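Starting from the structure of chain A, add chain B where the hints point.
So you can see what is in the structure, the chains are spelled out below.
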Amino acid sequence: MGFIVSFALFFLAIVVNQSTVVGQTTAEGVIEFPKNDIIDVRNEILFSSGIVNPTNLTDVKNDISSIGLARKMAIISFNATPAPPGSSYKNVILIHYNNGVTAYNETANY
Amino acid sequence: MVNSDGQLFTIEGISAGLIMLLTAYIVVNTTSIYTPGDTHISDMQLEQLGSDALRLMNTPNTSATSAESSLQKIIINNDTAQFSNTFLWFCNSTTSGTNDNLQFTADLYYRDKNTNSVNKIHLTQTRNLIGGEHPVRVTEWVHLNSNGQVPVNNREQAVLVEVLLWRD
Chain A
1132 MGFIVSFALF FLAIVVNQST VVGQTTAEGV IEFPKNDIID VRNEILFSSG
1182 IVNPTNLTDV KNDISSIGLA RKMAIISFNA TPAPPGSSYK NVILIHYNNG
1232 VTAYNETANY
Chain B
1037 MVNSDGQLFT IEGISAGLIM LLTAYIVVNT TSIYTPGDTH ISDMQLEQLG
1087 SDALRLMNTP NTSATSAESS LQKIIINNDT AQFSNTFLWF CNSTTSGTND
1137 NLQFTADLYY RDKNTNSVNK IHLTQTRNLI GGEHPVRVTE WVHLNSNGQV
1187 PVNNREQAVL VEVLLWRD
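Protein chains in written order, with this note's numbering: chain A, 1132 to 1241; chain B, 1037 to 1204.
In isolation and in its complexed conformation, chain B is listed as follows:
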């Protein structure tokens, strides 16, 4: 004889099983907490910001073939204060409210033609790295002509400006 007496038992059993599964899933899931920083979205945004700032600094503001960008002039004249001011102004500006507070440290990598090794000149920094920061690295190739106080060898060369950028 078929009747609907056992339906409630079945439903109760199914929902009990579902609750047990849900509980087990929640318990296992709390062992690793997923924070917004783990998604690396803010790292990606910071990297793009730094890259854009360096690209802007390396763009000449006239179209003459001999026009130099401000980054070229900064490296040739070793004007590290100008680098710091310009880079921070590009990175820390906001459309309204107080400016941002990003920190950076910048190095210049060049190739020594005599020893064929890649060496580093430290340009400037807002403060030294102490180890607890999570910086992103942005780089920019700069072309130096042979006229001027170039880093070494006094020749036409391509150097790499490398900036570590982080938020305190």
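In isolation and in its complexed conformation, chain A is listed as follows:
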């Protein structure tokens, strides 16, 4: 009977020992997924799609691509085309984001 109880204690000791590892993969998974990057750059892209001046739009597109590649280690590109007539939104925007581990593609009606 005591022998069986010792098995139970042994099992509990292993559970306590391995519990410190549990948080690591969760936290590292959260850090690795670029949630804030994507939300942030998507806001910027959707706002920029409303730029009327084509020179400025090209400038901002190149800004986002260059700075995204240099500082965020990600390929970020977008393309805005006018929406079909009669739509309730102005543009159809194609967003592409890829940081080597996570890829995000969106077609936004904005």
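It is possible that part of the hints are untrue.
[Claimed, not checked] Dumping the calculated DMTMM-like pairs for lysine to aspartate or glutamate here, alpha-carbon to alpha-carbon at most 20 Å:
| hint | chain 1 | residue 1 | chain 2 | residue 2 |
| --- | --- | --- | --- | --- |
| 1 | B | Lys-1156 | B | Glu-1198 |
| 2 | A | Lys-1166 | B | Glu-1104 |
| 3 | B | Lys-1109 | B | Asp-1079 |
| 4 | A | Lys-1192 | A | Glu-1163 |
| 5 | A | Lys-1192 | B | Asp-1148 |
| 6 | A | Lys-1221 | A | Glu-1237 |
| 7 | A | Lys-1166 | B | Glu-1083 |
| 8 | B | Lys-1156 | B | Asp-1136 |
| 9 | B | Lys-1109 | B | Glu-1192 |
| 10 | A | Lys-1192 | B | Asp-1079 |
| 11 | A | Lys-1166 | B | Asp-1079 |
| 12 | B | Lys-1109 | B | Glu-1198 |
| 13 | A | Lys-1166 | B | Asp-1088 |
| 14 | B | Lys-1149 | B | Glu-1192 |
[Stated by the list, open to error] Covered stretches of chain A (chain B as the covering partner; in silico rule of three or more C-beta atoms under 8 Å from a C-beta of chain B):
| hint | region |
| --- | --- |
| 15 | 1153 to 1160 |
| 16 | 1194 to 1203 |
| 17 | 1206 to 1217 |
[Unchecked claim] Residues from chain B shown here face chain A by an in silico Cβ test under 7 Å; the list is partial:
| hint | residue |
| --- | --- |
| 18 | Ile-1062 |
| 19 | Val-1063 |
| 20 | Gly-1073 |
| 21 | Asn-1190 |
| 22 | Leu-1200 |
Don't read these hints as lab results, they were simulated from the structure.
These figures come from a predicted structure and were not determined experimentally.
Heads up, the beta-carbon is just placed ideally off N, CA and C, and yes, glycines get one too.
Frame of chain A, contents of chain B only:
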């Protein structure tokens, strides 16, 4: 003839084997010590805090289309003291007790249209990095209109504010 004389020997042998395995496991396990910092939970929390603070600073407080966020105004007016005050107030506030003591250093990255290179302007910092810190990096895209004292080229552009945030 079957009797139960050898059972105690068997049990003793099994428990001796288990104790030896347990000892070997404990000895090998102590070669690498696993600290709470290794789980990166605190890094993840710090990153989320800094990200939220920057996002809050980059949100206009009216819904007019021409409304500027405080971060846009800070960059256009080069008001680095305001950046420091606001960012630290967001990051260091606590619900009770003394405030936290986080340190940061902030840079602004922009693209030079003439040379097509990405350059850096240092905004502000609580103190310089000396090498022993473990900072996390949080960034925020800011849209600058062409009216105002923008960093370079005096055009409409998207710039990146990059903040390294650490706990002393």
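Okay, the hints, checked on the actual structure:
Pair hint Lys-1156/B plus Glu-1198/B holds up; C-alpha atoms about 10 Å apart against a cutoff of 20 Å. In summary, the hint linking Lys-1166/A to Glu-1104/B is not supported, as the alpha carbons are separated by about 24 Å, beyond the 20 Å threshold. Proximity of Lys-1109/B to Asp-1079/B is assessed by CA-CA distance (about 30 Å); at most 20 Å being required, the pair is judged violated. Between the alpha carbons of Lys-1192/A and Glu-1163/A the distance comes to roughly 25 Å, so the proposed pair goes past 20 Å and is violated.
The hinted pair formed by Lys-1192/A and Asp-1148/B meets the criterion: a straight-line CA distance of about 13 Å does not exceed 20 Å. For the hint pairing Lys-1221/A with Glu-1237/A, the CA-to-CA distance comes to about 16 Å; that is within 20 Å, so the pair holds. Taking the CA atoms of Lys-1166/A and Glu-1083/B, the gap is about 11 Å. The hint holds against a cut of 20 Å. Our distance criterion of 20 Å between C-alpha atoms is broken by Lys-1156/B and Asp-1136/B, whose separation comes to about 29 Å.
Taking the CA atoms of Lys-1109/B and Glu-1192/B, the gap is about 14 Å. The hint holds against a cut of 20 Å. Between Lys-1192/A and Asp-1079/B the CA atoms are separated by roughly 32 Å; this puts the pair beyond 20 Å, and the hint is violated. As the CA atoms of Lys-1166/A and Asp-1079/B are separated by approximately 15 Å, the hinted pair is consistent with the 20 Å bound. A C-alpha spacing of about 16 Å is found between Lys-1109/B and Glu-1198/B, which places the hinted pair at or below 20 Å, so the restraint holds.
A distance of roughly 12 Å separates the Cα atoms of Lys-1166/A and Asp-1088/B; the hinted pair therefore holds under the 20 Å criterion. A threshold of 20 Å between alpha carbons decides the hint, and for Lys-1149/B with Glu-1192/B the separation of about 11 Å falls inside it, so the pair holds. Counting residues of the region 1153 to 1160 of chain A whose CB lies closer than 8 Å to any CB of chain B gives 5, which reaches the minimum of 3, so the coverage claim holds. Residues of the region 1194 to 1203 of chain A with a Cβ under 8 Å from some Cβ of chain B number 7, which satisfies the need for three, so the listed coverage holds.
Coverage of the region 1206 to 1217 of chain A by chain B is violated. Counting CB-CB distances below 8 Å, 0 residues qualify, and the rule asks for three or more. Taking 7 Å as the C-beta contact cut-off toward chain A, the hint placing Ile-1062/B at the interface is violated, the least distance being around 9 Å. With a cut of 7 Å, the hint placing Val-1063/B at the interface with chain A is violated, because the nearest CB-to-CB distance is about 14 Å. At a threshold of 7 Å, the smallest CB-CB gap from Gly-1073/B to chain A is about 10 Å, leaving the interface hint violated.
Interface restraint check: Asn-1190/B against chain A, minimum CB-CB distance 12 Å, threshold 7 Å, status violated. For Leu-1200/B, the shortest C-beta to C-beta distance to chain A is roughly 12 Å, which exceeds 7 Å, and the interface hint is violated.
Of the numbered hints stated above, those contradicted by the structure are hints 2, 3, 4, 8, 10, 17, 18, 19, 20, 21, 22, listed in ascending order.
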